[in-house]
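Colleague: As they're listed, the protein sequences go chains V and Y.
Quick note on the working numbering: the first sequence kicks off at 1 and runs consecutively.
Quick note on the working numbering: the second sequence kicks off at 132 and runs consecutively.
Check each hint, because a few of them may be wrong.
A few chain V residues that don't get close to chain Y, going by computed Cβ distances all over 10 Å [stated by the list, open to error]: (1) S3; (2) A83; (3) A84.
Reference excerpt, derived from the structure (chain V facing chain Y, CB under 8 Å, subset only) [claimed, not checked]: (4) L34; (5) A35; (6) H36; (7) I73; (8) V109.
No wet-lab data here; the hints were simulated from the structure.
Small disclaimer: the values here were computed from a predicted structure and weren't measured.
For every residue, glycine included, the Cβ atom is placed at its ideal position computed from N, Cα and C.
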Amino acid sequence: MASGKKQTQQYARQLLELSLVNGAVSLERVAGVLAHLERNRPVNVLGILRAYHRLVAGAVARGQAVVEHAGSIHDQALADIAAAMSRRYGRPITGSARRNNALLAGLRVRVGDDVYESSVAGQLAQLAAAV
Amino acid sequence: MTLPLFLAAAQGAAQPGIVETFGLETKYIIMQVVSFLIVLGVLYKFGIKPVTATMEERNRKIEAGIRHAEEMQAKLAATQAESALIVKQAHGEAERIVDEARKTAKDFLDKQTQEATAKANDLIAKAQQATQLEHRRMLAEARAEVARLVVTTTERVLARKLTDADRAAYNDAATRELTGV
């Protein structure tokens, strides 16, 4: 059972590697992988698709910087942040803005599991934790 | 008494008068001597000898009784001395046991006192520690509550007071900070 799950994960990982172009998820490659799975259904295709979906979602999240903001943010600032994250992680990262008034003012950038924050809410939270 | 008279009569035989005067005759004298010896022998055998033996026996018994009494007295004295020694030893042993019991009781009392003191100190220390922990916990809770109230109030005030221009300026500063990561 554990060995089958491990094989499923390994197969899903191989499919994910086929879906990447220059470290980023390619829509065309993903479509091709899905078409291949449609034509040649392996055993436990449902588990493989779930693992593949999870890996693709993680890869997309790692290639995307979600910038939460309170107040307005310029497109140039969004582009600068994406460029800075691309330099930091060594792979192309795109930026997407998401409004979050709970921040009061400032930004919170989420890349995959990493979070970078410079906001009034964050500083207030640090203040509360320090007290 | 008879023999001197006989001798005197023999000496005076030359001189008539004494033997004849007293009517002494040799055969009577010899018979009286033999009779005396016979009586003496009978008396010695059946009177003097048994009496002497009886007296010697009684003397031996008396001496044995005296020796026995002396021995008994000596034994009594020895027994009394031994009893006195035993009583003295028992008295000393009793004093030693009493002293030892007192010492043991004192040690036990001291030990119990020390243990009770240690337990009391331990209880006091634990109570003080619990009080301190409770005090710190209350202070931490109060501090956290105050901080939460301050932060909540500040958030509400800032949410009302911050203008779009303020937020834009803060976002620019945040952008510069994050791009410098």
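Colleague: Look at each hint and say if it fits the structure.
Modeller: Evaluated hints:
no., hint, in the structure
1, S3, "holds, 42 Å"
2, A83, "violated, 8 Å"
3, A84, "violated, 4 Å"
4, L34, "violated, 36 Å"
5, A35, "violated, 39 Å"
6, H36, "violated, 39 Å"
7, I73, "holds, 5 Å"
8, V109, "holds, 6 Å"
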